[in-house]
Structures are given as structure tokens and as C-alpha cells.
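Residue numbers (my numbering), protein chains in the order written: chain P, 2 to 189; chain L, 291 to 925; chain F, 17 to 216; chain E, 661 to 984.
Since the hints were made in silico from the structure, they are not lab data.
Virtual Cβ for every residue (Gly too), placed ideally from N, Cα, C.
Where hints are given, some of them may not hold.
Unchecked claim - Covered stretches of chain L (in silico footprint by chain P; criterion: 3 or more residues with CB under 8 Å from a CB of chain P, positions within the stretch not fixed): (1) 313-323; (2) 427-440; (3) 683-696; (4) 876-889.
Claimed, not checked - In silico EDC-like cross-links for lysine to aspartate or glutamate, where the CA-CA straight-line distance does not exceed 16 Å: (5) F:Lys-20 to L:Asp-807; (6) F:Lys-27 to L:Glu-865; (7) L:Lys-652 to L:Asp-807.
Unchecked claim - Over 12 Å on every C-beta distance to chain L, these chain E residues come out as not near it, computed from the model: (8) Val-740; (9) Gly-813; (10) Val-966; (11) Ser-982.
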Amino acid sequence: MQRMAGVLLGLATALAGCQREERQLRLDPPIADALDRVALMPNRISGAPPDVYFVLGKPYEANAYNLSQGKRLYAWFGCKSCHGDGQGGSGPGFLDGWWYYGPEMVSIFASIRDGRPHGMPAFGDKMTTDQIWQLAGYVQTIGSYQGKTAAPSRNDEKQTRPAENRAPAALLFDEGPSPVHPDQGPTP
Amino acid sequence: MTRPAPAPDARDSDRTLLAGALAETWKTPSGFWGALATVDHKIIGRRYIFTAFVFLALGGVLAALMRIQLAQPEARLLGPDRYNQIFTMHGANMMFLFAVPVMEAVAVYLVPLMVGTRNIAFPRLNAFSYWIYLAGGALLWTAFALDMGPDVGWFAYVPLSGPQYGTGKRADIWAQMITFTEISALAVAVELVVTIFKQRAPGMTLDRIPVFVWAMLVTSFLVIMAMPAIVLASTSLILDRLVGTHFYNPAEGGDVLLWQHLFWFFGHPEVYIIFLPAAGMVSTMIEPFARRPAFGYLGLVMALIATGILAFGLWVHHMFVAGLPRLGDSFFTASSMAIAIPAGIQVFCWLATLWDGTPVFKTPLLFIVGFIVTFVIGGLNGVMVASVPFDTQVHDTYFVVAHFHYVLIGGAVFPLLGAIHYWFPKLTGRTMSETLGQWSFWLVFVGFNATFFPMHILGLEGMPRRIYTYQPDLPWHGLNLFVSFSAVILTAGFLLFFVNAIRSARFGEIAPDNPWDAPTLEWATTSPPPSYNFAMIPIVGSLRPLWDDRDTLPIADGLRTDRRELIVTTLATAEPQAREASPQNSIWPLWAAIATTIMLIWSIFSPWAVVWGSIPVAFALIGWFWPKGTPEDGS
Amino acid sequence: MREKIVLDLGKLPLHGMGTASITWWGTLAFMLIEGTGFALAIAVYLYLMSLATAWPINAPPPDLLPGTLVTLILLASLVPNILLSRWAEQQDLRKVRIGMVIMSILGTLPLIVRVFEFPALKVSWDSNAYGSVVWTLLGLHTTHIITDLVDTLVLAALMFTRHGRSARRFGDVQDNVMYWNFVVATWLPLYGCIYWLARL
Amino acid sequence: MLAAPLAGCAGNWQSALDVYGTSAISLKHLIILIVSVCSVVWMLVMVALIAALCRSRDAQPVSAEPGRERRMTIAVTGAVVATVLIIGTFTILSFVATHALTVAGQDYLTIRVRGLQWWWGLEYIGPDPSSRFETANEIHIPVGRKVRLKLEGLDVIHSFWVPSLAGKQDLVPGRPNELTIRAEHAGIYRGQCAEFCGMQHAHMALLVIAEPQDDFDKWAATQRQTAAQPAEDETATGLQTFLAKPCAACHTIRGTAAAGTTGPELTHVGSRRTIAAGVFETTRGSLAAWIADPQTIKPGNNMPMVPLTPDELRAVSAYLASLK
């Protein structure tokens, strides 16, 4: 019995390790397609990711490779021009952990894919589904209240804020949401 | 309490009594806990050697996988992600878990015997260092099994291994594995230095120390001076990755090349940390097989010391194409070339010894000859890559792969395999099969040269290192296929060696005390030696005590048998200064190692591990050092 | 092989003191390791300093007060420390006990001041490379103070037990004294580096 | 199987022994000299070794005798002195040859070479800003002219190495380096990143094309121009698709709305001999294969698999192939 438990425990750790570091480089088109079908609430805030997301083991929240790819996409797709390094600018900040549309992956995914009022453009035709998920995972990490083991650390550039792996929101949440830019609407 | 010392005309019965009492005092209790708590340098040394060879075999499997992948262009056996993990694992495993530890392991076993003492200095630290080493190896291989193996090269250059590009925990695992192996290597180095300085048998003055022991002394100092650099490097890398320091961030005042300076300030002496023990083994082994004293004792020892000193002056030759000032590069060309001189002195001394001696062609001598043949190639192509202009063409190509395998396998593994054959009787009490030994030598020798020599050409033909595949229109596939086939021969040679060792350990011929008629002290005791090594401490009157006085061994008497006792002698002249207690077996080093392991692995994930994790370590250390009231504690 | 007894070791002391002690040499070897580590860390400091256009990078030089206070305490601690070594050599248990207590206190004091030294650096470890290296230097040295303090405390406790009256313990005290001297000696170049090089 | 051999580009593949550049030629001389001397040294040692092992001698083990010891000391000393002399010569030789690494003469051209995971970004810097242009993975240089390469690593360390022309030089982030090359003969020279730079280090090649001055000028003039407007329906559809799909977010095609900077610039991609940093010869087919499934061809590279219908794929690849 004890040996059984030991084996199971070992297996669990092994799987956890695998998932955190595995590099899924190529998503089969049908899976990518399925991942695109998020079910959103009517107000487009929160909802449920497709079943395949769970079958894959929620690969975009705790997988180090996807998170770091997300971080690259954040720079490559110009997110910085509105959201800064996460502090916000003409767009809202993520660092403080205050989310206009909630911190759920699907909300962030929908925000990136379909855009939001008050200036957030839709990236659905600029990025692949895989990339949008990766970016969503990373954006969630910028404002996470608890450090993720798989989260990326600082970049090799000028530093403007604590790195993602140090759970910036845990430090900044209590200060309240960062002030909204004048161009932003009062509520979503 | 004290057993009356036997009179000078001690008879056999007294001798038996003495041996019985000593065996009781020095014994390692049988059973699981006994095995975990032992501090006997021979048991730990054997464990260490065995573990290192297991890592050699595992690293060999990785090499085989790489050779299968590279046998044809655009092979799809391994993807780039796995391949990068594999070549990183191969390098890190072979350097940190095999080459350095195995040399220190052999020394842990042999040095106390060769200097005529009963246990290594700080035997509990020795036990601790083994456990830490084992934990480091387990960490690396477990990570690899979980797809978390480091994939940034054994040199882990930033920024590829840094926070931005080294994704996940893979680079941290590399860096922390370094910490494990450094702790263990540094601990063993301290033990060896103190053993050699202070525990030599009376009369073993500086000019009567066997060359292997000299080599280990120089090596230990190299470890002590070089390894802090890598500890600093790997620690700062983890800090950069975990808490956001900026050592290697150019945008915030850090520097990418700082990593390379620190890494190679350790990394180059590392090569000599591996090679010098091997050179010492050759100088020691050559005597019984050339059947004459090694020529030029002073030259050999001075060459070891000179190599040790020069080793710190040539790290920049790994950075010739990084864009440092050319004048500085030329200085490092000169110093890198200069190291050929002490290497040359040793080779010429060995040649002179063989010339003047009467060679006995047993397996160890074959490995020595094979070593000379290949190591000279490794030295000469080392001279080639030491030249800045030459290096701009071959740096990071298969030429360099050929070069360092010639130095590390030709220059260190060949002597090591010879040494295993040579000291096997002392390790196990049995001799290895000579037939299988000769077969394995020829397979390894032929396979090795056929595998690595063509790589010189591949390098000049433009094949870079660390590529997981190459395209079919590049003119490399013929030689690559040949190399991969030759690797099969090399693998067969190593397999045969393992078969021979495992078989001989169980069924080999029982060995006498001194099967090779060798001149050094370890052959004065039984094969394998008793737990206390020497019932009475030998007195040394010459460099080759067993040759210069073949009939009688002068010994010293008067040590207590009710506690573990050995003698401390003076540094230069080895005159007895004191009787010293050697610690009892203890389980605390294991607890300390487990606590340290938890702290180190935890600190990959959280900086707070250093704070909270150090508390159990402190308790384990207090338990380790707190006197238990045994006779060894009194004085 | 026949054996011939030519020497009787029975009259040798049962424990070596000073250079005849194995732990003395072990301590020395560990000091060499750590000394190399300190030297390399200082080399890293100088290397980064040579690359920077302005040093310190984006920070004022550190406040002198806490660091200088630590230096003075450490220097002052050398007097009782060396006396302690002498008492240990004389195997005077009573004085050694007093000395160990004094050294425990003198080991704790610099740690308390050290707490104020980190903010006095006026830079965070994650601000820039300058911050990283001074924090590392200071952290490295603090680790050594803590290590030696723990050793001192345990040894002080040991001196008040039945294990205290033993040549071996007095040797341990001497090694501890030597190590504390090392901790003080390494601080001086670090102090110069952190506080004065930044003011050049 | 997937990588079609670059049969069309029969050139001088990368080899330090097959040399056409000023510094590579002098390096080859040095290499041959040092290798020859070392081979002789090795053979001498082997002769000594064989002689030592095989010479006839008394069966009895011999004890050291002063006269013989002295003779051996002289022999060993002589050998060591010879080693010192050879080493000294090599040191001086390589010190002298180090100067040959910098090509003499006036710079004709400066090219900014940026190393990226896993391709090469190139910017030609002329005397006046209007003559600047960008391209990727294929360097054209005029024969017999000295070209200065400004090497910059933008992410990790890479190493620029075209062995037929010159020795290598690293591209180190935060530490710009320079390398000067001059091709003595016209030809196509392959080079490859020589410093391990991550997942696709193996597929980070580039071509250097040395051509007569006229050809070079013609090429440079073409490169400076913006992309040709699509002439056919299919290519016009291809451009539309390129702009509507994620392609334009990462790639630039001058003269169109595509202005992404993450991937290689594609204004004249059809004129380059290879795509994907030397993975394929440029054809419509290979472009289509690459766009259809980049992660199978070059796993881990930063080009995503963009879902396209077969028609879109055909159109985009036709359009890109037409960008001469």
C-alpha cells in the first residue's frame, strides 16, 4: 500500500515537472481550432475555456515555455505601447492585480482576440490562437497575486518593475488600482 | 583502557590480538545503518568510484544517442529540444559528475594508503561529500527524466541561460547541480590537502611522496583556487534568474562576458583538475611495468606544479572570438602554449622510463602507451587552438570537440582505465582478467581514434559544434556516418571493460598483497586492506619503500587500539608530532547532506530557502560536531 | 614481508595543538577557499566598475556610518579574540569561558549594526549591477559572520558542559579565534571596496 | 526528406580549407604550417615511443646507473628545449598572423549584421542615409573590396562565421564587435552561426555572395527599391492575404502596409537564394511548405503555424516568390 502511494506520488511529481517544462512547439490545426472556441458570458467577461484546454492540462498557465513565449509576444506585438511594462499607459495596467474584465484566462484571451472598448484592438487576425493563449497566460502572470514557479523573470533590459516571478500584484494590490488613463472609459 | 603496547619482539599471537582489537575499533557495522554511517575512506572511495562510473555509463548513453542522431543529415530521432538537453547533460555529467569526482574518488581511496595512514583527514566530511555528490547527480538526472534537463550547454553562457532566454528551471538545475558538485569537490580537496600535509607516514619527506600523491596535492589546490569562481558564477546566475539581480544584464551595468571570464577562470583549471591526477597515475603505474623507477622525479613533480600555476593564466583562450582586445589575446596565446612545456617534460620522462626499463605488457601498460599516443595528439592540437588566428577558424567547431576528447579521454580516461586495472586488486582483493583487459584496451583505443580523429577534419570543413542536425548538401555526412560507426567500437570497448570489472569483482582471481611488485606503500598492506589500513604505521626511508628494502618493512608501534588513532607528522620532514583520534562512524553527515540537499533544491524555487533551509543544516552540523563521549573525543 | 619495529609512538601527545592539529589545517584550507571567493567577488566589483561610465550606477555612495561602526566593532573584537586564543593555549577553562561569552556578544553586535548597513547602501540589489554586487559582497560577508557566530555560540555552550575541559576543545577555540580573525581581515578590503571605492 | 538540397546553389560550401577571402587564405597557410610541424613532432614522439618499447634489452630488470641516467637527462633536456623553441616560434607566428585578421585598405561598405534567434538581420549602411536598405540572411558584397561588418547580438550570443572568407567573430549583446572581410574571388560562400544560441542553432545559416562590382551595384539598386506591385490576380490575392493574416504583423514588405519587425524583412525575398536562414532553396513550393508548417521544418523557431486555406497558401507563396 505504502509503496503504491510512493509510486503515485513520484508519478504525480513527474507529471507536474513534465508539464511545467514541456515544450509543445506545434499545435495540430484541429486542436488550435478547438482552443479558439471559448464560451464567454454575454457581457464577454469570464466564461469557460473549451474542453480541450483541460484535456491538454491547462498548458498556458503553468508551462514555462508558453509563458516565456508569451513574454516575447508581449514585446513583439507592441503591447508595451499602451500597457507599458505592465504599469499601464493609455491602456490599463496589469501589475496591480486589478482587472477590469477579471483575471480569468478566457477573459484575457477574449480581450486580446476580439479587442475591448476604449481602444483595445482585436488581435484575432494578427496572431494565431496558440499565440493568443500564450500571451494571455503571460499577461495573467504580470498581475498574479502568487509567484508562479514557471513564471519568467526579468528581461535583459532597463528594469521598471519587479519581475513576474516575484508576484508583483501581491506587492501592489493593496495600493488599489492604478489610475485610469483619461482616454479609458469609466467602466468596461 | 590502553592495551599494553606489544614488545619489540612481538609474536604472531600478539599480532593477531592487535589485528582483532584494531578491527573492532575501526569496523563498519554491517547492515543498512552501518553502511550509511561509515566513515571508512575505502568504503566511501569505492562507492564514489562506482557512482562515478555509473555516471560515465549514463553519459555514454547520451553520447551514443547524439551519434545516432548525427549519423545522417536531417535525422529526426531527436528534436532540437531533446538534443540540446542531451548534449548539455553529456557535458555537464561527464565534467562534473564523472571526470572530477572519479579522480578525487580514486584519491580518496588511495592517498591515505599511499601515505601510510589509517583514514583520510576529516572522514565525516568525506562521507558528507559523497552524499552531496550523489544528491547533485540525482538532481540532474531526475530533472532530465522529467524533461527539465538543462539545455543551455555545460558552459551555460548568458544570456541564453539568463532570466530572459533560459526558460523554466532548466538552467537553475544546471547551476544548482554545480553547487552540489562544488561542495563535494572542495570538501574532498581539503581532506586530501590535510591528509597529504599532515598524515604522511614518518619519514615520508617531501621528496619521498609518490608522484600520484603529489599530483593530487596540486589538483586539490587547483580545486581550492578555481572552484570558488564557478560557485560565484552559478550563484550570481541563480540570483539573476530568481531575484532579479543584474550581473549579466548589459542594460543595467552588467556584462555578458563577465560570465565567460568567471566560468573559464574555473573552466580551464578544471581541465588540469582532471588531467593532473591522470598524469600522476601514469607516473606511478609506469614503475612496476617499466620495472625501473620513473625517470626524473623532480622534473615530474615540478611539471605538475608548473601546470597547476600556469592553469590560472590561460582562461581567455576560450574567448578568442568574443571580441576582447587582440593584444591581451596574444598574451594568452603565449601562456596557453607555454603549458605544453610541462606536459612535454612529463611525456619525455615517461618515454625515457620506458626506454631504459624492461616493459611488461600488461593491460595497465597498454593503457599508458595508448595514453601517450593520444595525449600527444591532444596536446599538439591544443597548441593549435591556443593560437588566436588558428582558433578563429576552429573555435566552436568539431575540431575543438576532437581536441578536448583527445585530452580528456586520451589524457585522463585512458590512464584511469589503466589505473582501475592496476589498483583493482587493492580495491577488491581480486585481479581483473588480463585477456578481457587487453581486448577492451584495443577496442577502446581503436574505437576512440576512429571516432574522434575524423572530427578534426569535420571541424576544418566547417561543421560547428552543438548542432542537432545538418543539411544533406553539406559535405559532412560521410565522415559523420564513419564517426558514428566507430563510436560503436568505442562503446563495445567500454562495455567489455564494465563486464570485466563486474565479473572480476565477483569471480576474479584472488590477489596477493603486491601482485605487480610495485614499490609504493599501498601494496604493503593486504588486498583489500583491513579497515585500519595498517596494523602498525610504516616508516618510510625512501621514495620506493617496497623496492629499496625488499625484505623488511620498518614500522612504528605504540598507537592505542581502543580508539581510532593515527599519527600527525610535520609538513616537510614528516616527523611524528602527535597521535590523533580519527572520528567514529556517524550518521550525522548523512542528515547534514539531506538538509543541505533540501535547502539547495528549494532555493531553486525560492530565495527564502536559504533562510529557512539553513536552520536544519545548522542543527545537523551541531549534531555532527557535538561530542558523544567516545574515546576519540578525549585526549 | 617481515616487519621491524623501529619506532615507538607511545610517548607522543594524544592530541596535537596548533600546527600539529588537523582541524587547524582544515580551517586554514577553508579560509583559503573562502578567501579566493572574496577575492573573486572583489574582482567582479572592480570589473563592473571598470565597465561603468559612472560609479556607483544611479545611486549615491553608501552611508558611511553603519559600515564604519561595524568595522570598528570588528577591529575592537580582535583584542578579546587574541586574548581568548592565549587563554585557550594556556588551557585556562575559566578565562576561556569568559572569553567565549564576550566573543558571542561581539559576534552578535556587528550583525545588529549590519541590519542597518543594507539600507545604508541606498541601492537595491535589483536596481542595477552596482546594487547587485554590493549586496552580494555584503551578503557574503554577513554569511561568514553568522557562520562564525553560530560556531562561537555552540562552542561557548560546549565549554560550559563536561566536554569543555579537553585539549581538543581548547584547540577548537583556537581555530574559532583564527576563523574570526579571518572574518575581520576579509572585511577590511570589502569595507574599502563598498564604502571608499564608490567615493573615488 | 523535407529539406530539399540546395542543388541550384552550387557554391563553395563552408570550409576553412576551401578559401577565397583575404584573411581566410592567410589563415589557411598558418593552419597548414602549424599542422605540418605538429604532425612531424607527433611522429618523432611515436618513433621514440616505439623504439623505447621494442628495443632489444636484457631480460633482467636494471637498476639505475649514473652514466646512463646522465645521458637520459641530456636527451630529455634536449627534447624539452626543442619543445620550447617550437612553442616560441608558434607564439611569434600567431602574433604576426593575428594582424592578418584585419584586412588592410579602405572600407568600401559597412553592413550592420544583427544576430537573432535564428536568423540574420542585415542593414546596408551607405555614405548617405537614402542608400540604406535592409535585407536578411543573404549578404552580397563586391569582389576585391573590403567590407566592414558591424556585429550585434540582439538576443543571445551568436557567432558570425563564413570560413571560406574569414575566421569567426561573436555577436555579443551589449558589446558590438566588428569584422572585416574581403572576397578575392566571386562565388557563393555559406556561413553558419558558430555559438550555441538555443533551439535552432543548427539552422542559422547565411550566404555571402561575392560578385563583380557591376552585379553588386545592380543588386543593391534593386534592393533599395520598394516591392513590386503584384502583376497577376493570384499574387494580388497573395498580398491581400498577407496583409489580412498574421503575416504582416511580423514581416515588412516595403511599399505595402506590412511593417512588422519581428521576422526577417521580405521586400525582395524572392530574389534570395534561400529561405528560413538557409533551410530551403527559395521556390514557390518551398515557400508554401515553410508557411504551411514551419514548426515541423524548424521546430522551435518563432514563426507560428498560421491557418491558411490551400488557395490562400498558394496565393501567398506565389506572391512572395514574385518579390524579386
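We went through each hint and held it up to the structure:
no., hint, verdict
1, 313-323, "violated (count 0)"
2, 427-440, "holds (count 5)"
3, 683-696, "violated (count 0)"
4, 876-889, "violated (count 0)"
5, F:Lys-20 to L:Asp-807, "20 Å, violated"
6, F:Lys-27 to L:Glu-865, "14 Å, holds"
7, L:Lys-652 to L:Asp-807, "13 Å, holds"
8, Val-740, "6 Å, violated"
9, Gly-813, "8 Å, violated"
10, Val-966, "21 Å, holds"
11, Ser-982, "26 Å, holds"
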